[in-house]
Amino acid sequence: MGKTTAEKIFEAHLVEEPFPGTKVLKLDVVLCHEITTPIAIDDLIRRGKDRVFDPSRIKAVIDHVTPSKDSKTATQAKILRDWARRHAIRDFFDIGANGVCHALFPEKGFIRPGNTVIMGDSHTCTHGAFGAFAAGIGTTDLEVGILKGVCAFRQPKTIKFNVTGTLPKGVYAKDVILHIIGKIGVNGATDRVMEFHGETISAMTMESRMTLCNMAIEAGGTSGICQPDATTVEFLWPFIQGEFASKEAALTEYSKWAADADAEYDQVIEIDVATLQPISTFGYKPDQVKFVADLPDTPLDQVYLGSCTNGRLEDLRIAAHVLKGKRIAPTVRGILSPATPKIYQEALHEGLIDIFMEAGFCITNPTCGACLGMSNGVLAEGEVCASTTNRNFMGRMGKGGMVHLMSPATAAASAIEGKIADPRKYL
Amino acid sequence: MKTFGGPALFLDRSDINTDEIIPAKYLTEITKEDLKPYILEDLKLPGFDPKGPRTKSARVVVSRANFGCGSSREHAPWVFEVNGITAVIAESFARIFRQNMFNCGMAAIELPKADLDQLFSHAGDADAAISIDIEAQSLTMSGGGKQKTFSFSLSPFDKALVLAGGWVDYADKNY
Numbered sequence: 001m002g003k004t005t006a007e008k009i010f011e012a013h014l015v016e017e018p019f020p021g022t023k024v025l026k027l028d029v030v031l032c033h034e035i036t037t038p039i040a041i042d043d044l045i046r047r048g049k050d051r052v053f054d055p056s057r058i059k060a061v062i063d064h065v066t067p068s069k070d071s072k073t074a075t076q077a078k079i080l081r082d083w084a085r086r087h088a089i090r091d092f093f094d095i096g097a098n099g100v101c102h103a104l105f106p107e108k109g110f111i112r113p114g115n116t117v118i119m120g121d122s123h124t125c126t127h128g129a130f131g132a133f134a135a136g137i138g139t140t141d142l143e144v145g146i147l148k149g150v151c152a153f154r155q156p157k158t159i160k161f162n163v164t165g166t167l168p169k170g171v172y173a174k175d176v177i178l179h180i181i182g183k184i185g186v187n188g189a190t191d192r193v194m195e196f197h198g199e200t201i202s203a204m205t206m207e208s209r210m211t212l213c214n215m216a217i218e219a220g221g222t223s224g225i226c227q228p229d230a231t232t233v234e235f236l237w238p239f240i241q242g243e244f245a246s247k248e249a250a251l252t253e254y255s256k257w258a259a260d261a262d263a264e265y266d267q268v269i270e271i272d273v274a275t276l277q278p279i280s281t282f283g284y285k286p287d288q289v290k291f292v293a294d295l296p297d298t299p300l301d302q303v304y305l306g307s308c309t310n311g312r313l314e315d316l317r318i319a320a321h322v323l324k325g326k327r328i329a330p331t332v333r334g335i336l337s338p339a340t341p342k343i344y345q346e347a348l349h350e351g352l353i354d355i356f357m358e359a360g361f362c363i364t365n366p367t368c369g370a371c372l373g374m375s376n377g378v379l380a381e382g383e384v385c386a387s388t389t390n391r392n393f394m395g396r397m398g399k400g401g402m403v404h405l406m407s408p409a410t411a412a413a414s415a416i417e418g419k420i421a422d423p424r425k426y427l
Numbered sequence: 001m002k003t004f005g006g007p008a009l010f011l012d013r014s015d016i017n018t019d020e021i022i023p024a025k026y027l028t029e030i031t032k033e034d035l036k037p038y039i040l041e042d043l044k045l046p047g048f049d050p051k052g053p054r055t056k057s058a059r060v061v062v063s064r065a066n067f068g069c070g071s072s073r074e075h076a077p078w079v080f081e082v083n084g085i086t087a088v089i090a091e092s093f094a095r096i097f098r099q100n101m102f103n104c105g106m107a108a109i110e111l112p113k114a115d116l117d118q119l120f121s122h123a124g125d126a127d128a129a130i131s132i133d134i135e136a137q138s139l140t141m142s143g144g145g146k147q148k149t150f151s152f153s154l155s156p157f158d159k160a161l162v163l164a165g166g167w168v169d170y171a172d173k174n175y
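Residue numbers (the numbering used here), protein chains in the order written: chain A, 1 to 427; chain B, 1 to 175.
This list has only true hints and no planted wrong ones.
Derived lysine-lysine pairs resembling DSS-like cross-links, with alpha carbons at most 27 Å apart:
#	chain 1	residue 1	chain 2	residue 2
1	B	LYS25	A	LYS69
2	B	LYS159	A	LYS26
3	B	LYS25	A	LYS399
4	A	LYS399	B	LYS56
5	A	LYS49	A	LYS72
6	A	LYS49	B	LYS173
7	A	LYS399	B	LYS51
8	A	LYS69	B	LYS36
9	A	LYS157	B	LYS159
Under 8 Å between C-beta atoms, here's a sample of chain A residues computed to sit facing chain B:
#	residue
10	THR75
11	THR139
12	THR140
13	ASP141
14	GLY220
Computed list of chain B residues with no C-beta within reach of chain A, every gap over 10 Å:
#	residue
15	PRO7
16	PHE48
17	ASP49
18	LYS51
19	LEU111
20	ASP127
21	GLU135
22	THR140
23	LYS148
24	THR149
25	PHE152
The hints are simulated quantities; they were obtained by calculation from the structure and are not laboratory data. Remember, it's a predicted structure, so these values are computed and weren't measured experimentally. For every residue, glycine included, the Cβ atom is placed at its ideal position computed from N, Cα and C.
All chains, full assembly: derive it from the sequences and hints.
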């Protein structure tokens, strides 16, 4: 019997099965940020166990509220910073080098096919785009990960999504994943890995695959996983060229993590993207989705471009293409947060930042900030935001505020019109 | 090991998320105790008052499907813990929330919908309370002069975590 990608990774990393159905896995990468890690650090100190299992396999960033907005967030940043220095964690990213974790860590080449990855952040599933098993966990699991380099999981089942068809104009990875979540529901993949296959995924860039896997958690999924291929190797090549004689050799090695043709799945779901249109959410759950064309008139107070879902260079290029030579509606506040300093700088060099600024956008530094209502774009009671982020929970971007999730193209078109708008006429 | 059971708080909706349990703006608190006043602050349900006496006296939360979805924040179990709530009973849980509960030595108990409907029939009883026996994997619902016992099942690992008081000591001893 063949194996899924997750089954292969579990088998290769198994430390023990202490109880039937519970697998303790060896971790390749433990990622940390300043919101969920400081309490783990404090607890380790309190227990007299202020140690790390391997400083080279721990990566840390200050990203959720940066630069710090008050004494409390400054304290959280300081706890993480002091800890990283104390334990000689080389890959620690602070002011000037910091960006949104799920954009920054892949950009640095830290995630490889077949890896096990955890972070105290639910969107850790993003890293499955590289053919890794990447799962969000809580602070206690993170604490044990830091101390021992292991994490316990129930063996997840896998749902195979066979995605076929050419993406129509104005339809992107974000629309595909919103469509999938709408189809299976917010708990449609609970305790399941979402394994993405098919010609549509094969044709996607790594950026698009990250957008896709990023929102697996919004369907309850443990990890999104794409199959490692030539696109994966091409993205990673600057980081792995010392390890392999050729790209072909890297592809051969990484392909062993691809699911077997005769792997057994919990479900196989066929997705045809050929008839998709630009999508937006309309309620307070990510599975409440509609084609933009079918939405009632929805006036906006704010448009937000950024986050671990859609703050990458590809996203900025698409939004800039829509906005070029135009002004956003006077009733709308436009905010762009490029997800990493590198993305910010490349956007500057390409002239994208000029386009955003001439359109009337405010550009903020890379940070998670507004996505979870912590800083840099919090909504007032009753305000409505079109956003390229991942959660539309009531109050997510500020108490009493409403969020509509959509692609960067749809968000840009919506900024121009001051209401949720179909981007296709601008493309 | 923690103690389980006591007055019940009924939250009759599916998909209650961790932003509703503890809004992100409070994630800047460094100690668990500081979270205490903000329990369920953003949850809007008919007749529910996050600052009401029922919330204050509760020791068990009863809810519906996919409880605790969304963010990985362990602040959600913690805000329950510092308010004296050590068990949540629901039809199903989001994976990360469920694991966070057991990792803290707390109980996330799944019951079939038909059993939950019986629990919810006590939502109007001022004296609605649930006693929980982790070892025996059974719970007793009482209120309005009635009483009924239900059985549940925990995975062996989750049960071991509850009995051990959490994952850190367990893991440090074993790995």
